[in-house]
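Asker: Single-letter residue listing:
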Amino acid sequence: MQIREERFWVYRRKLGDFWRLYRRSTLGKLGLVIVSFFVIVALAAPWIAPFGPFSFVGDPFLRPSSTYVFGTDQVGRDIFSRVIYGTRISLLVGLLASAMTIGLGTVIGLVSGYLGGWVDNALMRITDLFIIIPALPLMLIMASILGKGIMNIIIVITVVGWTATARMVRSQTLSLKERPFTEASRAIGSTDLHTIGRHIVPNVFPLVFANGMIAIVDAILSEAGLSFLGFGDPSSPSWGMVLHFADMAGSTVNGYWWYIVPPGICIMLLVMGFAFISYSTDQILNPRLRRR
Amino acid sequence: MRDYLVKRGASALATLALAIVLNFFLFRIMPGDPTRTVVGDFRVAPEVRKVLVHQFGLDQPLWTQFLLYIQNLLVGNLGVSFQYRGTPVASIIFGRRIFNTFILMGSSIAVALVIGIIIGTIAAWKRESKFDVFTVIFSLVTYSMPVFWLGMMIILVFGYYLGSIPIAGTITVGMTYSNPLEYVADYLHHMTGPFVTLTLSFIGYYFLIMRDSILDVFTEDYMLTAKAKGLSNRKILFRHAMRNATLPMVSLVAVEVTYLFGGATMTETVFSWYGIGRLTYEAVVMADFPVLQGIFVVMAVVVIAANFLADIAYALLDPRIRY
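Protein chains in written order, with our numbering: chain A, 2 to 293; chain B, 13 to 335.
Treat the hints as calculated values from the structure; they're not laboratory data. Some hints here could point you the wrong way.
[Unchecked claim] Label-pair restraints from in silico Cβ distances:
(1) Val-33/B / Gly-150/A: 22 to 30 Å
(2) Leu-31/A / Thr-99/B: 20 to 28 Å
(3) Gly-107/B / Val-254/A: 23 to 31 Å
(4) Gly-104/A / Gly-118/B: 32 to 40 Å
(5) Phe-57/A / Tyr-199/B: 38 to 46 Å
All values derive from a computational prediction rather than experimental measurement. Don't be surprised by glycine CBs; every beta carbon is placed ideally from N, CA and C.
Please construct the entire structure, taking both the sequences and the accompanying hints into account.
Answerer: Pasting the structure below:
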């Protein structure tokens, strides 16, 4: 019981140290502000948005005004409300897809690094294969067979993106395997599962977390790309989907700039927010960078 | 050197083999029947369906089908397209399309690399200056932009508002040219939009990596030696720092070829550029699986070859590599 309590305070202290270091970087704070802004918008969507995301509220292609802040789309829906509700989808897909991606990558990396031998070789071959295959074409091919839908997009992003985490976790596991505490853990008779879970995973976690931020960036951009090409859920107002409909309506050649600019800027800002966070986290957690 | 080549070559071939296996089974183990558009069409009479199934070997066990696939692949037979009603896939891919894509991809990656390397070097030298901060922010911004959105904005601003670039296609439809130069000029005019989009989307990444790499090089001892020797700043920067920092970029470019295919797919779709990327998109929309399978193989070969060449180049450039 006392050991658990000690462990809790150790983790809490580490978290405090991390936060103290993090606060020093302007970029990190800026990123946190941006991401928090979008999270608040997503949560408060029903109260902030003047209309529903699917209600037909006016004539098509109205320019921005005080009623329709971003104008209307081709069937007369308010773009401002759609963009606000789209925040939810983009955030949801980004977080869920990246969580699954780093989950899968971590498991494969741990297994590969810890067991070694032919398992390691085989898994690394497969990892190399998925690194080499162009991501977007593979995503498109899988999406064409699986069909449209949010869950399919998440699956597709996961299948394409797990390799980076796997490689990193594997190299980290390989080095951790040589440490004395691993040997000690096995000497007292712990099962492999226990050694991995109790000793290796907590040491791998900081790098995985830093990697997770980049995974979020990739997930958001991938979802936007796939939705734009038409494989998202047509009934959801994710930003990529809004841009898809904007393209379908010929906004680029008819000058409907209010349809194109806001969703794109939102994607850009959200991605930049996470990129800043990832950069600052990487500076702190990746010991190799701290020397400079 | 020869051992290294042989080892790398064998590894590349093994990965290629794995890619081909994946390609074959990817379409067949996913839920849904890829052949439904042709064979499963309910308007097709049962006798015709039987003949088709037998002709394409679909009644054989999966492993026999796989061997048939490998056989065809070695001869260069990539199958026939669904949407283009029987046109061989090989002729669709290896016609104008691959040429257009390579020109677009090749030029933008070359320009993005050169600009990224040079600007990255200068920014690292002038660290923390206005130039540095500006270029870093610019790179982060273009890196965060979705490629297709950047393309749409370029069409909007330069195509719609300014009218300076054409909005679609590789050449103006129906136009006659008095000499080949006019044709090339028209082609390049159409290429401006996708070229700028693709280059901008990659420049940020190369810039940031190069800048990082040079900052690493600055901490090396030989930089101090060069300064102590009294070399001019320009010589130190471009003759010593940049050369060494460019080394990691070589292996990076090979990996980047994969992203180039993805970026090209988006850009070609937005600009209706007649290339492999747009072919992928069209084939996906029309569920033309033979074409997709063929594109997959072509892309895999190109990427694996690029990686192999990068390995060789890296070994040639860096004398420290022991092989």
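Asker: Each hint should be assessed against the structure and marked as holding or not.
Answerer: To see whether the hints hold, each was checked on the structure:
no.	hint	result
1	Val-33/B / Gly-150/A: 22 to 30 Å	holds, 28 Å
2	Leu-31/A / Thr-99/B: 20 to 28 Å	violated, 53 Å
3	Gly-107/B / Val-254/A: 23 to 31 Å	holds, 28 Å
4	Gly-104/A / Gly-118/B: 32 to 40 Å	holds, 38 Å
5	Phe-57/A / Tyr-199/B: 38 to 46 Å	holds, 44 Å
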